[in-house]
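Engineer: Sequence:
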Amino acid sequence: PARTVLDPACGTGALLRAVPPRPDQYLYGQDSNPELAALTALRLALHSDATVRTMAADTLRADAYDDRKADVVLCHPPFNERNWGHDELAYDPRWEYGFPARSESELAWVQHALARLTDGGTAVLLMPPAAASRRSGRRIRADLLRRG
Numbered sequence: 002p003a004r005t006v007l008d009p010a011c012g013t014g015a016l017l018r019a020v021p022p023r024p025d026q027y028l029y030g031q032d033s034n035p036e037l038a039a040l041t042a043l044r045l046a047l048h049s050d051a052t053v054r055t056m057a058a059d060t061l062r063a064d065a066y067d068d069r070k071a072d073v074v075l076c077h078p079p080f081n082e083r084n085w086g087h088d089e090l091a092y093d094p095r096w097e098y099g100f101p102a103r104s105e106s107e108l109a110w111v112q113h114a115l116a117r118l119t120d121g122g123t124a125v126l127l128m129p130p131a132a133a134s135r136r137s138g139r140r141i142r143a144d145l146l147r148r149g
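In my numbering, the protein residues as written are 2 to 149.
Where hints are given, some of them may not hold.
To be verified - Straight-line C-alpha distance at most 20 Å; calculated EDC-like pairs for lysine to aspartate or glutamate:
1. 70 to 93
2. 70 to 59
3. 70 to 120
4. 70 to 97
5. 70 to 25
Derived by calculation from the structure, the hints in this document are not laboratory data.
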């Protein structure tokens with residue numbers, strides 16, 4: 002069972018709230034919208050026995066949990082985000098599988114999720130169908146498949 006769970010784009014906390022609650026568990030959420038981060042904290046405090054921490058910040062540009070690894074990363078990232086930090090994050094160490102194109106914010110989120118996983122951890126992301134077929138992300142997708 003997962004002891005630490007992270008949602009780096011938590012929104013209202015729906016994915017974190019779906020995690021079966023355990024008192025020895027840690028749930029971490031981050032969202033760029035402060036009101037949504039606060040709402041997530043409130044919802045989880047009311048419905049979970051886990052230790053809950055939520056932060057309001059742009060995850061790709063200002064990761065509040067950059068020193069933390071999670072057993073599970075759940076994420077429904079924003080789709081087709083053009084202003085995800087492409088220019089300022091060009092040399093970010095999270096791009097282990099390749100630097101995502103400006104039009105491939107979803108692949109930035111995938112690599113962010115993988116960078117936050119413990120060894121043997123699991124990442125589950127809800128992705129748009131187009132993320133599987135855009136030409137600009139072909140190399141990154143191929144490397145993800147190659148490395149498992």
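Engineer: With reference to the structure, classify each hint as holding or not holding.
Structural biologist: Status of the hints after comparison with the structure:
1. 70 to 93: holds, 17 Å
2. 70 to 59: Holds - the C-alpha atoms of residue 59 and residue 70 are around 18 Å apart, at most 20 Å.
3. 70 to 120: holds, 9 Å
4. 70 to 97: With a Cα-Cα distance of about 16 Å, the restraint between residue 70 and residue 97 holds, given a limit of 20 Å.
5. 70 to 25: holds, 16 Å
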